[in-house]
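Number of protein chains: 2
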Amino acid sequence: MRYCVIMCGGVGSRFWPASRSYRPKQFLDFMGTGRTLLQMTYDRILPLVPAERIIFITNAEYAPLISQQLPDVKEENILLEPTRRNTAPCIAWATHHILALDPEASIAVMPSDHLITRERVFLEAIERGFEFVESNSALLTLGIKPSRPEINYGYIQSGAPATANINRVKTFTEKPNLELAKIFFNSGEFLWNSGVFIWSGKALLQGLEEHCPEIARRFEAEPGIYCTDKEAAFINEAFPACPCISIDYALMEKATNVYVEEVDPGWSDLGTWGALYEHSPKNRMGNVTQECAIMSYDTSGCVFSESNPKKIIVVDGLKDYIVADTDDVLLICPMSNEQKIKQYVNDVSQTLGEKYL
Amino acid sequence: MRYCVIMCGGVGSRFWPASRSYRPKQFLDFMGTGRTLLQMTYDRILPLVPAERIIFITNAEYAPLISQQLPDVKEENILLEPTRRNTAPCIAWATHHILALDPEASIAVMPSDHLITRERVFLEAIERGFEFVESNSALLTLGIKPSRPEINYGYIQSGAPATANINRVKTFTEKPNLELAKIFFNSGEFLWNSGVFIWSGKALLQGLEEHCPEIARRFEAEPGIYCTDKEAAFINEAFPACPCISIDYALMEKATNVYVEEVDPGWSDLGTWGALYEHSPKNRMGNVTQECAIMSYDTSGCVFSESNPKKIIVVDGLKDYIVADTDDVLLICPMSNEQKIKQYVNDVSQTLGEKYL
Numbered sequence: 003m004r005y006c007v008i009m010c011g012g013v014g015s016r017f018w019p020a021s022r023s024y025r026p027k028q029f030l031d032f033m034g035t036g037r038t039l040l041q042m043t044y045d046r047i048l049p050l051v052p053a054e055r056i057i058f059i060t061n062a063e064y065a066p067l068i069s070q071q072l073p074d075v076k077e078e079n080i081l082l083e084p085t086r087r088n089t090a091p092c093i094a095w096a097t098h099h100i101l102a103l104d105p106e107a108s109i110a111v112m113p114s115d116h117l118i119t120r121e122r123v124f125l126e127a128i129e130r131g132f133e134f135v136e137s138n139s140a141l142l143t144l145g146i147k148p149s150r151p152e153i154n155y156g157y158i159q160s161g162a163p164a165t166a167n168i169n170r171v172k173t174f175t176e177k178p179n180l181e182l183a184k185i186f187f188n189s190g191e192f193l194w195n196s197g198v199f200i201w202s203g204k205a206l207l208q209g210l211e212e213h214c215p216e217i218a219r220r221f222e223a224e225p226g227i228y229c230t231d232k233e234a235a236f237i238n239e240a241f242p243a244c245p246c247i248s249i250d251y252a253l254m255e256k257a258t259n260v261y262v263e264e265v266d267p268g269w270s271d272l273g274t275w276g277a278l279y280e281h282s283p284k285n286r287m288g289n290v291t292q293e294c295a296i297m298s299y300d301t302s303g304c305v306f307s308e309s310n311p312k313k314i315i316v317v318d319g320l321k322d323y324i325v326a327d328t329d330d331v332l333l334i335c336p337m338s339n340e341q342k343i344k345q346y347v348n349d350v351s352q353t354l355g356e357k358y359l
Numbered sequence: 003m004r005y006c007v008i009m010c011g012g013v014g015s016r017f018w019p020a021s022r023s024y025r026p027k028q029f030l031d032f033m034g035t036g037r038t039l040l041q042m043t044y045d046r047i048l049p050l051v052p053a054e055r056i057i058f059i060t061n062a063e064y065a066p067l068i069s070q071q072l073p074d075v076k077e078e079n080i081l082l083e084p085t086r087r088n089t090a091p092c093i094a095w096a097t098h099h100i101l102a103l104d105p106e107a108s109i110a111v112m113p114s115d116h117l118i119t120r121e122r123v124f125l126e127a128i129e130r131g132f133e134f135v136e137s138n139s140a141l142l143t144l145g146i147k148p149s150r151p152e153i154n155y156g157y158i159q160s161g162a163p164a165t166a167n168i169n170r171v172k173t174f175t176e177k178p179n180l181e182l183a184k185i186f187f188n189s190g191e192f193l194w195n196s197g198v199f200i201w202s203g204k205a206l207l208q209g210l211e212e213h214c215p216e217i218a219r220r221f222e223a224e225p226g227i228y229c230t231d232k233e234a235a236f237i238n239e240a241f242p243a244c245p246c247i248s249i250d251y252a253l254m255e256k257a258t259n260v261y262v263e264e265v266d267p268g269w270s271d272l273g274t275w276g277a278l279y280e281h282s283p284k285n286r287m288g289n290v291t292q293e294c295a296i297m298s299y300d301t302s303g304c305v306f307s308e309s310n311p312k313k314i315i316v317v318d319g320l321k322d323y324i325v326a327d328t329d330d331v332l333l334i335c336p337m338s339n340e341q342k343i344k345q346y347v348n349d350v351s352q353t354l355g356e357k358y359l
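Line order of the protein sequences matches chains B and L.
Each step along the first sequence adds one to the number in the working numbering, with nothing skipped, and position 157 is 159.
Each step along the second sequence adds one to the number in the working numbering, with nothing skipped, and position 151 is 153.
Some hints here could point you the wrong way.
Unchecked claim - Sample of chain B residues facing chain L (criterion: CB under 10 Å; computed from the structure):
(1) A295
(2) N339
(3) Q345
(4) L354
These are calculated hints, taken from the structure and not from any lab test.
Note that beta-carbon positions come from the ideal geometry of N, C-alpha and C, so glycine has one too.
For reference, chain B alone in the conformation it holds in the complex (with noise of 0.2 Å):
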């Protein structure tokens, strides 16, 4: 049967004071449209697979989070992993505790912080991705159709094509420079990596065993493990253990049987604030408000966040800008250092301690 592991332990850091490590962006109505990111992920996916087939695998302390956002979800569809690892361990539990519901589970994963607006595109994609990994042995990633030459995300180069909108890999890349982006757009053959994934579990289990035997050995259960009682001690041993590790990194990169499909749901990684900026409607000066009361005076092409919807913001003269407000954090910054976020929050943790974090 087809599963959906949704990710849904992320930090954020980039959207930082927005984000927080205790409420991290996907559990935040970051587009002010009354429902966040996490709870926009999950309606997005209900229409191909039923909630009771839907896992959330995500750090422990966000368990409240999830119960709170999303209070249909049952207990035992929610992993909570007991420390981040990034993908590669997060997958391979998801995976072995779905195939000791059903051995043949096909599962598309998926990140629950990303940004879709055309939803139907995307699901059947999915729907065509379940097919393609359910008939071929097959590590399939959706590949956004690039609308720019964007710096910002990673490439992958499609080799040659098994369906109509699959092709085999021939290369992942990293964030190229600009002149290598513009390459990139323009030859037609590069697609963004968007961190969606679907095989069968089975062909995930080989791939990592091939690939990545470090983290796939400390999975390894005999029977009656997994979708048990014993799963959670059984899980802070090992999940501790593994190598902090990308699943594109331990598998993808390195497998022969990977593939990708072109698709262009109007997708965003809304990794950064410009992101953001970029694919949300603006007011009649060029300005984000994501639904906060802004007076705005000679100011344009800003972002502005505020989590108290009591607040109004009154600003003057700033021109492409981020005003992030929270409870305890304001953060102005102009929106081409958003870069330097990681440094703001660095600098601040170490002089004012982590509660800022």
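Keeping the supplied structure of chain B fixed, place chain L upon it in accordance with the hints.
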């Protein structure tokens, strides 16, 4: 005997949103010293005038703030205006009240929201002023020796000398433009109008009777009204019927027995964020932070005001801005636009309601 009237009913709207109609500037620890401007005003005059002869006059809505900030002040020393009528009616009432306690009283009247850094110089000037008005039927005002051609203050031109430091007043002037301010500054004849007055109660009432009878007659009462339990009812009738006018317009600019005492007490009216900036200690980046926690990058010439002592401000790439953050309003605007703050306040209250005033 000598009395002091501390006027503390102003709204301080130029410091919005730090200064709010429910907690104006004089009730704030504006310099980050641990004492509010009102408390500093009280502390300053105490060596010269004993607590029982210091009268506070303010709008009725601020009575709780005064009790809270000056718990030792007796209720009988606080006069509560039923409505706002600027300084002339305020001073007329306070004078009648004091004369009922002591018909020979001499009185220093001062605002509660100014900064004075050289207290001894200030007190010596007040002392000399008392001596002068006790032997002359004079309306005396303190004139501050200018340190720059300031365009945000009214000026007083001094005329014929009366004593070493005290001269007759030739003219009062409105705030000048820069060209005129330079002429004033270079002439050596012009002093800043401080809003601090010294006179005998009798001379003040005589002046009002002659030059502002429409106010004077409102406060005429039978004996047994002022300083009795009938005073409040009488004032609630008389006060709102007064025109709304400053003592400068109502009396000082018209009377002939007006004198000015030159003094250099390290004074600022703290009338604007810019003035606050000028008079506050700056950190090594040239920012005024008022003891709030700031992490700044490439930021200079700014003033930061933060009502929440546990909140931090992280700011990058601002030059010469005001950033004033409170629980329900965040203001960011160029220092050079501070005269627009009244417009912001107006726009906000018209759009979002008076709760933001």
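Query raised in the report: Going through the earlier hints one by one, which of them does the structure break, listed in rising order?
Result: Of the numbered hints, all hold.
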